[in-house]
Amino acid sequence: MNCEYTPSEERILVTGSNGFIGVRVVEHLLEYGLTNVRCFVRPSSNLENLKKILSEHPNAKTIELVSGDLLSRDDCRQAARDVSLIIHLAAGMEKSFAGAVMNSALATRNLIDAFLKYGSPRRFVNVSSFAVYSNRSLKPNGLLDETCPLELAPQERFDAYGFGKLKQEEVVQEYAKDYGLACVTLRPGYVFGPGKEELSGRVGIKTFGPFIQVNGSNQLPLTFVDNCAEAIVLAGLRPGIDGEVFNVVDDNLLTGHQFLKASKKAKRFQSIRVPYWLAYAASFFWEKYSKWSNGQLPPVFNTRRCAAEWKNQRYSNEKLKARLGWRPRVPMNQAMSAFLAQFGTNGET
Amino acid sequence: MAKPDQYKTLRVAIVGCGKIADQHVDAIRRIPGSNIVALCDLEPLMARQLGERFGILQCFSDLPRMLEAASPDVVHITTPPQSHYTVARECLDSGAHVYIEKPFTVTAGEADALIQLANRHSLSVTAGHNLQFTPEMLEMRRLVDESFLGGRPVHLESYFSYDLGDASYAKGLLGNQNHWVRKLPGQLLHNIISHGVAKLSEFLDDDLVDIFAVADQSPRLKTVDGERILDELRVLIRDKNGTTGFFCFSTQLKGLNQLHLHGPTGSITIDHSSGSIIRNKHQSDKSYLTYFLPPLRAAREHLRNARINITNFVGQRLHQDFGMKELIERFHNSIRKGSPPPIPYREIILTARIMDEIFSQIYRDRGRQAEDRRQTTDNIKQSEANVSLVTCH
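The listed protein sequences correspond, in order, to chains A and B. For the first sequence, counting from 1, position 188 maps to 188 in the working numbering; every step adds exactly one. Heads up: take any position in the second sequence, counting from 1, add 1000, and you land on the working numbering.
It is worth saying that the hints were derived from the structure and are not from the lab. Just so we're clear, the structure is a prediction, and the values are computed from it rather than from any experiment. Do not take every clue at face value.
What the hints assert, rightly or not - Okay, derived cross-link-like pairs now, PhoX-like style, lysine-lysine, Cα gap no bigger than 25 Å in a straight line:
hint	chain 1	residue 1	chain 2	residue 2
1	B	1019	A	95
2	A	264	A	311
3	A	117	A	206
4	A	206	B	1183
5	A	261	A	196
6	B	1183	B	1019
7	A	51	B	1222
8	A	177	A	319
9	B	1337	A	95
10	A	267	A	196
11	A	261	A	95
12	B	1019	B	1286
13	A	139	A	311
14	A	95	A	265
15	A	291	B	1254
Stated by the list, open to error - Now the stretches of chain B that chain A is said to cover, found in silico as 3 or more residues with beta-carbon under 8 Å:
hint	segment
16	1036-1047
17	1300-1308
Said to hold, decoys possible - Every beta carbon over 10 Å from chain B, so not counted as near; a handful from chain A, in silico:
hint	residue
18	66
19	99
20	116
21	171
22	198
23	238
24	288
Idealized CB from N, CA, C, for every residue including glycine.
All chains should be modelled from the sequences, with the hints used to inform the complete structure.
In structure tokens:
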């Protein structure tokens, strides 16, 4: 593959490059012939996956590995020096709100500061998440796209990750406005693929023992890890898209029930099906009890989360296709086979 | 200092808006007569995110400005321990009472100096030893006061575990050579063990005769961190009255968080993980009854705990942060009434002294061991090299 959008000597920084998506992003950059890549990893990371990818690419010799912590400004300086494109994948996966903000928003702030000071900024690709959206105002089966409102009460949703991502987006927007930072934001749906065995919370929950499938007829905003990585790389390379936001979902999306059925063929486990109205009612009462009891039970189940994860919605990748020229490299049936193969048995969707 | 007024609404400020600050805000909001008026963090972003989530409008990144603008009656310090002493001093000098998260200070000297400063200003300070105020610890204290043990404790055991595998905190710590925890004299242990040590301090005399500490690394930590962070600690303590205390901290014993008190005629076991307290009167049963009755009595104790916990849950008295809320409420009430703070200063200083001694032993020994290993054969047992006996007065 050739890269027609950017000179191959441009230095690119990929944060979170050893993560589930990051490794694929690095691989795709290499496939585009972009070898002037700096991979930023945590010092405690097991680099096995990344090193495997690098060893398989003959032109990966110029790839630079830098380890550090984005909460350290010194480490950010090392990471961003002479870089013109940053693909920012590192994310705070913490359960606490403060931890999520620290590792998402604060880390991003440090990185952009260093980028503006020590880099040669051309673009900052901010990888966010579907978790920032609110679908409360959407009707069932309504279309959730880039124009939908963001979650205004993440505290009530009790979603630290989503809150961290919202704050991260705010930081990026601030820098775009105040310092003219050229940025593109990507909001992937549920990224799946080999290397990530757990089922999406959008399929159901495992909190109470057997797997509880919620709704089942809800379409899942799936994106296979390679397809997602392709979109992220294109967001860094394609000209004329600064300031844009793109949702990342694949074609031929499956419903929760279809996804679970396929998964159960490959990996046997018990599940119970709960309709959406019942999940919503349970969430409603849980939330009320949580408030009434002054938080004796934390509001882990609440109507905002219930709607965000299990309400029937449709998703679109039209903008991604139209503006980035993105097409899913791996069709859904092949993606599912690759996902299920990690369990030892191929399942059919 | 203002005159005590038991009906006064306390103006509370929080300095340090990291993870633990959320718990403080949650707890304080449930305390009648305590009102959070300001937040402060060196990172404005962190103060803002906390303020935004809890509707607290005054957010600062400069401590003197916050103290001047918000004039808090009490400041909760939830910053990394290295800053506790200086931040607390500044707050006390401004006329505010101070609640300091654990560990109270980095050294016993700092703890002593802060308490003296508070006394000079006629203000109160307390340490975030919130596990001392869980329902089971409150019941234990009542039993001890009623002489359930049959005299002063003869032997104490405190077990405290921490799951390094699950905690995102540990990931950050292990991944960052410059993490503030690594810069503490006792590193990981320094930030965690005060809860477990404080339980012993409550029953030990200030005059300690022996402290004997050994430490090592868990196998998991060895694989990721070489030999720099210790996470397995055992300590034996004896005071001048002959009361002995054993402290065990481990990252391998998942979920173990207990206190055992043994007196001449009775024993009490507190299990924080299940919120239980098991009472055991030392008595001998005749013949084969010794095999039947004690297990039945233990079963009755466990059932009693289940009943109490269910009753408390139904009555909304089983919040997971019960201990923190209880401690904060008692501290705030003591400020209003002008009464002594809930944790005696003696205990705070003794806890700090014990920790100082532990770290001086294990890290000194650690250095010596490394030297020994270089010079001697590999088959020297680590436990032998760790042995030390120090008199601590």
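Q) Which numbered hints are broken by the structure, listed smallest first? A) The structure conflicts with hints 3, 4, 9, 11, 12, 14, 15, 17, 19 and 21, although it agrees with all the remaining ones.
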